[in-house]
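If you read the sequences in order, they're chains A and B. Here the first sequence is numbered in my numbering, starting from 22 and rising by one per residue. Here the second sequence is numbered in my numbering, starting from 11 and rising by one per residue.
Read the hints as simulated data drawn from the structure, not as lab findings. Please note: incorrect hints may appear among the correct ones.
Claimed, not checked - Label pairs and their in silico Cβ distance ranges:
1) A:GLU340 with B:ARG163: 20 to 30 Å
2) A:LYS72 with B:SER263: 39 to 49 Å
3) A:GLN322 with B:PRO184: 54 to 64 Å
4) A:ASP218 with B:SER263: 56 to 66 Å
Given the structure is predicted, the values throughout are model-derived calculations rather than measurements. Every residue gets a Cβ at the ideal spot worked out from N, C-alpha and C, and that includes glycine.
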Amino acid sequence: MTTFLGMPALPAFGSGNLFAGESFPTAAHRELGNAQLRANLGHATHTIRDKRQAVVAELPDWEQLRDAGSAIKQAVMARLPELLEEFETNFTARGGVIHWARDAREANEIVAGLVRDTGETEVVKIKSMATQEIGLNEYLEEQGIGAFETDLAELIVQLDHDKPSHILVPAIHKNRTEIRDIFLREMPGADPALTDDPSVLAMAAREHLRRKFLTAKVAVSGANFALADSGTLAVVESEGNGRMCLTLPETLITVMGIEKLLPTWQDLEVFMQLLPRSSTGERMNPYTSLWTGVTEGDGPQNVHLVLLDNGRSAALADEMGRSALHCIRCSACMNVCPVYERTGGHAYGSTYPGPIGAILSPLLTGIEAEENNSLPYASSLCGACYDACPVKINIPDILVHLRSVDVDSKRGKKKVPSQMDVGMKAASWALSSGKRLGLVEKGLPLGRLAAGPDRKITKLPGIAAGWTQSRDIPAPPAQSFRDWWAKEHRNAGGAPGTPGTPEAGPSRTPSPDTKETPQ
Amino acid sequence: MRIALFATCIVDAMYPATAKATVRILERLGHEVVFPSGQACCGQMHVNSGYLKEAVPVIANHVAAFDTADYDVAVAPSGSCVASVKHQHPMVARACGDAALEARATAVGTKTYELSELLVDVLGVTDAGAQLGSYFPHRVTYHPSCHGMRLLRLGDRQSRLLRTVQGIDLAELPEQDQCCGFGGTFSMKNADVSSAMLQDKAANIESTGAELCTGGDASCLMHIGGGLSRQGSSTTTLHLAEILASTMEEPASVIGEVRVSTGKALR
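Extracted from the complex, chain A is given alone in its bound form (with noise of 0.2 Å):
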């Protein structure tokens, strides 16, 4: 007879616009070859990076706000459960309608079962970094509902069916002729006589928008932060679109991550000052708009939200990578991340791309996910970004724990070891003691020799070919360090020693004088 001791099934993985089609080499070589787009990333991240350092300089306290950003996050993923229930009592209390998805297609469903409720068949929508994670707009137009963006760079997005490039600056890949080419294409009603300037851009979106507020019934939103101790919601914007969204039609969805909690109304306070330096470099956003509940005879009478698991809960059981769920959505990160300004946002295959995506994205769908397993390689971890991080992620440390995730998940697995695997393996053979470092390193007349006489490397074969690719390697030297040492201290007198005199192994503890013994 066996028991059943009521242990839950591990957490499932998300699902939607969080997987790659290609992996990141590949597709970022195809992104590398846009020297407009390169352009573009390269002029937009150095603006707002110097802007974000200028207006962080401010702050005398702008570390121990870090700190305090990332201990209140902690305590929210230690005790998030009893904090998302303090949140439905409060938000249910005052007026509004909880929803539970457990991935993308559950929300889809759910979503589109209360804008069919309403009768309605269009939306307006704020920029939602969750809503594009479930790939919410495609399938409420296959469900015959239109979703209209209504944040300027979205907007340019949607009307030129393409992806957002970055999470901040969704059109950051786009320049303004670029722009004004796709009003000019796409929207309707747009001026023949458009220019290229970016307030006469502005002010066709505006009209264009104006339009869709004031007939819209129904408007879908994300949410920056959900504080548990009054049911409150909160977004962070800069242009007024989502302000509209809010306030003007009859209901109102949202849909956000469990992960956005925060357990008080103070806590607030610590991330309304990280956020906007942060992002947009602003020591404050135009415009932030909270709701609690509803309202009679003012702002939308249906209230609803849909709180998303879509993987987090799989992200939280992996204890060196939970930390990536304490992301603000700020895209500083990407801002000064080396790799993304060369690559754009497309390369990364998800919603989420930079260095956050490239550990989020396989922390919510699982590291074995093929799409997903080259992200966590895609940063020579130079370590910016956690610099950078207003709530301290550790992005660096968290790609090296996935890389070693993917590496021991494809152990026994392969019938035939990659060139890495087998390079790694014999490396470390070669690199674990000082004596056989040393025999490896009488090899080196031979690279010598391979080098000719210009004495550079200019081509190397397999997994190498990638550094011969655009740089040479200089030919070794006739002789190591260590051998010059030993020589010197055999000729000075000190200790003799032969290739052959036995070393200091992990296992043992050698005599004081081994130290010195030249081999």
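On the provided structure of chain A, position chain B as indicated by the hints.
Frame of chain A; chain B shown alone:
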């Protein structure tokens, strides 16, 4: 002071002149240098590539070579390898559940310094020209490597030392805090992105008009130097230990046999 030299595998095998220069600097200051012969590598390549199982013997070897040797402090001419010893060794030992190795690795890490850190913080070098006799009459630009800058927080220790070298003409490198694109196996796994980063770094170096680019990490310098060489640039790379060790009587061989060079002699 008795100082143990951790040469690092790349310097030991490819850039012995850098290790010799490190020894010369320390001996010139009157310290005794020892070379724990069991040492090989810090294991960073394995850790950063996700091969933790393969990293463990490499790390255990380093810890064994250094925790049994008799010395006051250890030094390496590489911020990256020192960051690995201080940060990754205890982390990997912990991940493997080896508490004893973690404790020993932490102890070794505490005694291990990057070269400029040791010179400035422990040995009190504030003027390389006056205290080390450093003399290097060349136009030089300096790239601070990521791990020294961000993991070890070396700050301006390296550039401060360089600035006090007699005869040096130090040119500020534009966007110096940007990664050169090496990143160990990143340069092979994501060769295209790495090359794009390298191109920009090389262009910034060339814009300074410097004869050579220096820094504290042999691996980054090998990457940058390899890129400059491929582009046919006359600018080369040289480790800062060799600049600090260079004197009027014994000038650094700037056309060393292991350096990537187009062969064009420097002034």
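Hints, one by one, checked against the model:
| no. | hint | result |
| --- | --- | --- |
| 1 | A:GLU340 with B:ARG163: 20 to 30 Å | holds, 27 Å |
| 2 | A:LYS72 with B:SER263: 39 to 49 Å | holds, 46 Å |
| 3 | A:GLN322 with B:PRO184: 54 to 64 Å | holds, 57 Å |
| 4 | A:ASP218 with B:SER263: 56 to 66 Å | holds, 59 Å |
Figure legend: structure checked against the earlier numbered hints; every hint is met.
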